[in-house]
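For the record, the sequence lines run as chains W and G. Be aware that the first sequence starts at 1, since it is given in the numbering used here, and climbs by one per residue. Be aware that the second sequence starts at 1001, since it is given in the numbering used here, and climbs by one per residue.
Since the hints were made in silico from the structure, they are not lab data. Cβ coordinates follow ideal geometry from the N, Cα and C atoms, glycine included. Hints may be right or wrong, so weigh each one.
As a list, the in silico DSSO-like pairs of lysine-lysine whose alpha-carbon atoms are at most 27 Å apart [what the hints assert, rightly or not]:
| id | chain 1 | residue 1 | chain 2 | residue 2 |
| --- | --- | --- | --- | --- |
| 1 | W | 92 | G | 1045 |
| 2 | W | 92 | G | 1060 |
| 3 | G | 1002 | W | 108 |
| 4 | W | 92 | G | 1084 |
Chain G regions said to be covered by chain W (calculated; three or more residues, Cβ under 8 Å) [what the hints assert, rightly or not]:
| id | stretch |
| --- | --- |
| 5 | 1027-1037 |
| 6 | 1049-1062 |
| 7 | 1089-1101 |
| 8 | 1108-1121 |
Here is what each chain is made of, one letter per residue.
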Amino acid sequence: MELERPSENPEPFRTLLREWKVTTPLPPRFAEGVWRRIDRTGVKPSLWDALQHWLSTALPRAAVAVAYVTVLLVAGVAAGYMQARNETVRLKGELGTRYVQSVDPYQKPGL
Amino acid sequence: MKSATVILTVGLVVGASAFCGFYYLGTASPRELAKAQTPELAWLKSEFNLTDAELAGITKLHEAYQPHCEEMCRRINAQNKRLKLLLAATNQMTAEIEVAIAENAKLRGECQRDMLAHFLEVSRTMPPEQGKRYSTWIQERTVLPAFGMSREK
């Protein structure tokens, strides 16, 4: 049997496709279902695909989102505090050295 | 994926803001000291918990000591230059080098004596406990021989 050749002018078909609106919502856990089916096919998704999948399914959950933001908040506070403490020690040490240099001729810079 | 991207971004912004905020607040005190007219004296006030009156007294002593300190610097520089010239001119121990070394040692002793007198005067201007702490701290860094070695103990 010979296949019907597509029309030489695809424009009406394209217009029809553009007008087509999907109104039916996706069933719950659609993405998970798709990934399960992909799993069943035995095709291993790439690490990037897996990460994207995990992010798009797990992160929007309220508990995970709150935990993620909390962890970054705590990490930011801890890193800021530690960095500030080190910087304070360094700056105060520098000022102490400046005081010593201002009273000890043997430690004046450039002597 | 759009909501995940928003959450990812919010998390990163929250973390970065927390870091910057804590860093800024945590370094406020030393930044304030560094902005002072005489940062080293502002540091002294903060380090030894001095009152404004005590700092005013120490500033007076510090300013009075500065011309003498600069004169000592000038003399040390001159002595060092002289010794350098003598050392460059020979590969033998000469009587002149011996004299120059002895003069250097004498000058160091004189300098240490005057420094110590100034430090003791400053320490007396502080409350007794802080004065004692200041004396120990400054002596370890100036007049005590090989202070670097003794500090490591």
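Results of checking the hints against the structure:
Straight-line distance between C-alpha atoms of residue 92(W) and residue 1045(G) comes to about 12 Å, which keeps the hinted pair within the 27 Å bound. About 23 Å separates the Cα atoms of residue 92(W) and residue 1060(G), which keeps this hinted pair within 27 Å; it holds. A threshold of 27 Å between alpha carbons decides the hint, and for residue 1002(G) with residue 108(W) the separation of about 60 Å lies outside it, so the pair is violated. For the hint linking residue 92(W) to residue 1084(G), the alpha-carbon distance of about 36 Å lies beyond 27 Å, and the restraint is violated.
Check on the stretch 1027-1037 of chain G: 6 of its residues sit with their Cβ under 8 Å from a Cβ of chain W, so the three-residue criterion for coverage holds. Counting residues of the stretch 1049-1062 of chain G whose C-beta sits closer than 8 Å to any C-beta of chain W gives 1, which falls short of three, so the coverage hint is violated. Given a C-beta distance limit of less than 8 Å, the hint that chain W covers the stretch 1089-1101 of chain G is violated, as 0 residues qualify and 3 are needed. Under a criterion of three residues with beta carbons nearer than 8 Å to beta carbons of chain W, the stated coverage of the stretch 1108-1121 of chain G is upheld, 5 such residues being counted.
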